[in-house]
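The chain contents come next:
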Amino acid sequence: MSIGEGQLKARTGGKVAGGKAGGNDSIAPTTELAEPDTSRAKATVPWWVRDASSYAFSCLTVLSLVTRYWRIWDPAQVVFDEVHFGKFASYYLRRQYYFDVHPPLAKMVIAAGGWLVGYDGGFLFDKIGLDYMSHGVPYIMLRGWVALFGAALPLLVYMIMAESGYSVAAAALAGLLVTFDNALVAHGRLIMLDNIMLFFMLAAVYSYVRFFKQRHRAFSAQWWTWLVSTGAMLGCAASCKLVGLLTVALIGSAVLYDLWRIIDIRRGTTMTQFAQHFAARAFGLIAVPFALYLGFFYIHFAVLTHTGTGDAYHTAQFQMQLIDSPMTKSSFNVHYGDEIVFRHRDTSAYLESSTARYPLRYEDKRVSSQGQQVTGAKKQSDAAYWRIKPTNRQNGAFEQFMARRKAGETLEDAELAKWTVRHTDIVQLEHVATGGHLRTHDVASPLMPTNMEFTVAAANDTAVAADTMWQIRIDGASSNATQLKTSASFVRVVSERHGVAMWTHRKPLLPEWGRRHQEINGNKKPEEKSALWTVAEIRGRVATKAEQEEMRQRVKPMGFLAKYAELQGLMVHHNNALTSTHPFQSSPITWPLLTRGVSFWTDNAQRRQIYLLGNPAGWWMADAALVFYAALLPTLELCRRRAVRVIDPVVERHLLRSTAFIAAAWALHYLPFFLMGRSLFLHHYLPASIFAYMLLAAMFHFFNFDDYRRFSLRNWNGRARALLPSPVAALVFVVIAFVHISTFVFFAPLTYGSRPMSPDEINSRRWLSSYDLHFQK
Amino acid sequence: MTVGMGEAKKTRRRAKGHSMQPTAMTAAEAHSSGDKGVLVHKGDSGTGNEAADKADDDVTIKEYGYKPAYFGQWQMDASDWGMLGVLLLLALAVRCFRLAEPAQVVFDEVHFGKFAGRYLNGTYFYDLHPPLAKLMFAAAGHLSGYDGVFDFKTIGLDYVAAGVPYVGMRLLPAVLGALTVPMAYATLRSCGYATDTAALAAALVCVENGLVTQSRLILLDSPLVFFSAATLTCWALWWTYQDRAFSRGWWAWLLSTGLAMGCAASCKWVGLFLFPAIGLSTIKDLWDKIADRQLSPVRWMLHFAARALALLVVPAATYVFWFWVHFAVLRRTGDDAAMISPEFQTSLIGGPQVKTDRDVFYGSEIRMRTTNARSGFLHSHMHLWQHEKGSGQQQVTIYGYADPNNLWIVEPAFNTTVDTSGGPVPVTSGSVLRLRHRATGKYLHSHNHRPAMAASDDQKFELAGYGFANFSGDSNDNFRLEILHGDAEGADKHLQAIESKFRLIHDNLGCAVYNSRKKLPKWAFGQTEANCMRSCHPRMSTWHIEHARFPNASQPMRKTGYRRPGLWAKLLEYNRLMADSNENLTGDHPFAARPQHWPWLRRGTAYWGGHGRLIYQLGNPLVWWASLAAVVVFVNVRLLLFVLAKRRICPQLGGSRAKYLSSAGFFSIAWACHYLPFFLMGRELFLHHYFPALWMAIIVLACSVDLATCALPRPVRTVAYLSTLLAALYAFHRFSYITYARLWSKDACLNARWLSSWDFDCEHALGGVRATDPPPASTAATAAIAASEKPPPNPLLPAKPAVVSDAPNNATIQPVFVTPEFVSSADVVDGSRMADVADAKAHDEL
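Chain order of the listed sequences is A and B.
So in my numbering, spot 265 of the first sequence is number 530, and the numbers just go up one at a time.
So in my numbering, spot 219 of the second sequence is number 764, and the numbers just go up one at a time.
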């Protein structure tokens, strides 16, 4: 702080200097006066200072390309999440439907890269460590394509900083920090989503900065361009991963702040003007992104037309839209008298029964009915067949019908149609192997005292007949005429007398006496989603070719919005359900401190490994900058409260606007993760880490330069006499850059997995004992 | 660059705006707390440069002038005393009505009655709430003659038969609940409101069915709400002393605020939410005061220090004090003692007293214990790892109870010996050793084999006992001793019982003997799994020796034992345990409710029922919904006023702007502090967690009613107040049946379901039993329960014949019917289960 404070004092004189060209272009308007004679000053500036910006930009371009493309062909194996994202790209090229919790854009981008180089999606990236060469995957092209996005990040960072009015040195420093970050490089040269998303995020931020600088020319063509571009980039970012919504939140808060300024009556805005501003932003930043988001899903559905691994997540109607869906291949009407198999939709358990009975006393001392067990089995067996019988036998007509079927008579359609099972029908279910009827009664089930026990009652036991009546409720049925179909219907089986639905759950399983099957019990909330079953099969019924074609014809087409709504709901649901623990997951609190990395890939033979780790030196320096900034703000506010003027208003405004924007970007891309219950990984911090680097550069600028806007990128005013105005600043720049780059190089073997390392070398890189690198011995 | 004409105009207009400013601001606005800086703009004083001002199109650099915050003033007079007295009497009447009904254990009285009994016995128990409220119940019980014998085992047990003076115990929450009524009055009077508004708030609190239900039973929430309300009342009273800083009254109310806050936090941790509520207000006040140039920095520091003392130090001291009482009272060991550390246990009368040799030598017999979990001792027995892929070697597990199979003998490493000619050789840190199981003679062993409970990890290895006759073992028996720290001198170099905390690292595999905290299946007798794990968390691989004995010692050995923990150690351990329990409290209570359902009263909690009567905790829906609406209205009004201020429109809201914004603002923030944090909690929650927030919302409601009627003529205003009150009374009466357990008809019950989600049980409790039927003799019911081993039959279900026609040979045994409807909240946890859950939650890996 001491350097800073000294300089702050020196600045308090309220300097009025500097020439101004081209209006209020910088993000921080200044108190500078117009000074006409800039031409002479311009002439005295040496060429290497005048064009410093261009040189810095070019150098960064080269460096970032080199860091991303160095040995991009190595390792020629599937690394970490390439397993998923490579696979998804392949599915696009095969046009097979898959399900993923992330929106489609980034995966489509990868797939597009593959398509351009003629990859046919033949490889499915099944396991980490599989060889690319022998499978003929153009992985270099795929990785190179993703690396293009990765290589653009430092340039975008440079442009954002420069446009925000930081010096060339500060902007270049930010660019360098991002160029030489191990985590960004490791992610940026593999087939993964994060760098594509980061690209769009930074592009959105850059567009917004440009947009904000156009504020004095509201509604001009440029203003509109940057507004729409911001919206478009936001839409793309959110279409890569839902984390992109954090950027939306960032831009959203900035817009609110902006509107807050505009509505100020001292600005002379009328309410009409304000409404126009508001509407324009609503269009550009809400309508445009959302339209894009929907558009990518449209493409997603348009490309993925065939059945694939993602089918099972969806409703029957959705699945039947897909070409070759097994559902359309076997969807028969169920008729009374059929022997059918019930499969639970969520857990795929088959409803079955056996002659075994419930034990008299359970472990918790509760008492059972000792009835015949009804359980949910993992595998389908003969014990899983239930004959579905009507409760209204129509004076023996049903028995006649059954007799004729048994005799093998071919029945007319009209005759059969009389005996189809329909929505809200009351039925009985006869267990084929033991001959009893499925029954529930007011006895607590083995594992859940709140749910009813399921058992099988003897067929001739009329006393309990009321307990054996079941109502068939077909999910989404529009009328009582809806027919029960195999595969294609989801159905609830609800006790007519007790109102409980047949239900099962995976945990806990029944103990040994129940052969570790799932418990079947009566759930008092029949409307629960988990009470859905399908009729998996009718014994002996297989579709012919003609039947299959006919069934295909019958499928009702589903609109795009309906499909989208269904998929979006599933994505949110499954994203929240990602709670299973992963050995390398981490909690957000550890990310800025970089206490642990993620092992991406190892090669035991050569003792090589790729270990995702940020640049420890860089991350820790950025943390220090964050702490500095966090301490600076209240200090300044305190001084102002006591009317002590410490720094120049221009500097202060920049600190409270541009730098605060960066700090807010960091906070908004980091803090929300604390609220997320799902399993989190280090790579979730990558967006925040970029903003932390930018804040480090901003702090570098603040403590070493006493002005802002005259350094801005394309707004050359000839008064930046030196790129680095003082030897101290130059020294600080060199020290930060040197420490950062040398740390990068030191950790590079872990980032690139480029060479075998001895245990000593490994251990020298364990700067924290918690870096669990492989081959430590 | 020249200044354009348009811009010049703009500048002029702005200047004009400034000149208009004083007229736009009224005295009341100057008092308002929020808008400073926006309107109090000192404009272009920064540089005094018009061009600079133009360039700076933004009016960002604000200058602050000090404006004292609004505070109410209240001089109590005789009418106020009268009002307070009347309100208290009314509240007492409402709370004590039918206090003796039902004469049975209701809902969580199961827990808190029991705990009161434990205090009177001095028997140790564990509960996840701090002690104060339970201590108060114990005191009330003691005064009314409860001896601590009756154990409140299940809901529905009869008090009269057992001779429990439950009315005396219930009187305490009733009185505390009644006191919150005059407090509401005092709070609003202190905020500067007239008598009618203050009385309205008090009346609404008085007839809030939920608060009444809560304060008629032996539950913690009534003391909690009392102390929360007391905190806010003291705080409001303290604010009336703003212009008399450091006067005696100022100190008194400030200190009592802190005291009440400490007591609230000592009842339930929900009381901690008072700290952000009061804290935000304090910070804002101090922050404003910084800008007061009249106030010297020294004086400001005094203000700061006084608040820090009263609002941080005093509550902390209160909290610690009640724990001190708690530990002092509970001196005897009890069932829950297994949850606490052995050090803590030894400090209880009747707890295990450990006395052991201090130094451990080669040849010593030891029993080693996991240090950071309560799982138990390293154990082995004559059974083999013979699950699916087990190695077939002898099982090594962790077992919680004293057993000869927990004994191991320290021996030197494989193929080495130690020279014992110079007397016993102490075991040093870093040395390699073997542990021989005394009972079976096998060596502790690990090898490249996946352990029973590991899924797919190359980091974990099986721990087994290995060896047989005429086989001296192998190098896989070698473990390296790594002493992490020693609490006594030399204990970090030489292995000492109790003092040395160590890890055992397998010499070949580099893995540490690890407590996985997973329960093994039946074939391993449900004991806890121990395995050998690489790069594991040291927390779960730390051990200490609880018992050591060197056989054939030639001279007496130095002895040692657990040191008795001091107050701080106990306090810390207990609170950590509470935090763990709270975090891991999951359950499937049928009436658990998530926070998003509370403010609109989606459903209540069933407490008790039988013979045509019910207790179902449901608030007074009208008060409940109106108070929520008041908070929502405040938030919107506040936002609207911010925006309007930007347009330089400053409505005075009938002259009560400053009063409304400051008091409704404070209580809305307090409400938010007591409500929003629950969204972050994954644990099981209940409607009763909303009650402190409800009290605050009712205050906001009264402020809003005042605001809405302040511009109306006097009679209209009176009518409005009375109709509000009458509506509340009507709803109170309508639902008083489930508040007081009055006889209720099934039709009335069904009619009272204003929301379809209100699930008071009209079927079982009220159907079938006519209101005129006498309740069954309660003594007979108790006797019947005592006589049968079965759980008591659910009082709600009509008696049913045994339905098990298909179990003829067991016709005497009835199956348990579905769904016990009244379940005490899972707020209190079965101790032993909790410890396991808490441990299992800790991370396996770094």
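Be aware that one or more of the hints could be misleading.
[What the hints assert, rightly or not] Using 30 Å as the maximum straight-line C-alpha spacing, the simulated DSSO-like pairs for lysine-lysine come out as follows:
#: 1; chain 1: A; residue 1: 790; chain 2: B; residue 2: 1046
#: 2; chain 1: B; residue 1: 1063; chain 2: A; residue 2: 630
#: 3; chain 1: A; residue 1: 643; chain 2: B; residue 2: 1067
#: 4; chain 1: A; residue 1: 630; chain 2: B; residue 2: 1064
#: 5; chain 1: B; residue 1: 934; chain 2: A; residue 2: 772
#: 6; chain 1: B; residue 1: 1291; chain 2: A; residue 2: 630
#: 7; chain 1: A; residue 1: 630; chain 2: B; residue 2: 900
#: 8; chain 1: A; residue 1: 644; chain 2: B; residue 2: 934
#: 9; chain 1: B; residue 1: 1063; chain 2: A; residue 2: 643
#: 10; chain 1: A; residue 1: 789; chain 2: B; residue 2: 1291
[Unchecked claim] Now the stretches of chain B that chain A is said to cover, found in silico as 3 or more residues with beta-carbon under 8 Å:
#: 11; region: 777 to 783
#: 12; region: 892 to 904
For the record, the hints were derived by calculation from the structure and aren't laboratory data.
For each residue, glycine too, the CB sits at the ideal point set by N, CA and C.
Tested hints:
1. For the suggested pair residue 790 of chain A and residue 1046 of chain B, the alpha carbons sit about 52 Å apart, so the restraint of at most 30 Å is broken.
2. For a cut-off of 30 Å, the pair hint linking residue 1063 of chain B to residue 630 of chain A stands: about 24 Å separates their Cα positions.
3. A threshold of 30 Å between alpha carbons decides the hint, and for residue 643 of chain A with residue 1067 of chain B the separation of about 23 Å falls inside it, so the pair holds.
4. In summary, the hint linking residue 630 of chain A to residue 1064 of chain B is supported, as the alpha carbons are separated by about 21 Å, within the 30 Å threshold.
5. This hinted pair checks out: residue 934 of chain B and residue 772 of chain A have alpha carbons roughly 23 Å apart, not beyond 30 Å.
6. The suggested pairing of residue 1291 of chain B with residue 630 of chain A is violated, with an alpha-carbon distance near 34 Å, which exceeds 30 Å.
7. Our distance criterion of 30 Å between C-alpha atoms is broken by residue 630 of chain A and residue 900 of chain B, whose separation comes to about 40 Å.
8. Proximity of residue 644 of chain A to residue 934 of chain B is assessed by CA-CA distance (about 23 Å); at most 30 Å being required, the pair is judged to hold.
9. For the given pair, residue 1063 of chain B sits about 25 Å from residue 643 of chain A by alpha-carbon distance, which is consistent with the 30 Å threshold.
10. Note on residue 789 of chain A and residue 1291 of chain B: the hinted pairing holds, with a Cα-Cα distance of about 22 Å set against a maximum of 30 Å.
11. Counting residues of the region 777 to 783 of chain B whose beta carbon lies closer than 8 Å to any beta carbon of chain A gives 0, which falls short of the minimum of three for the stated coverage.
12. Only residues whose beta carbon comes within less than 8 Å of a beta carbon in chain A count, and the region 892 to 904 of chain B has 0; fewer than three means the coverage is violated.
Violated hints, in rising order: 1, 6, 7, 11 and 12; the structure is consistent with all others.
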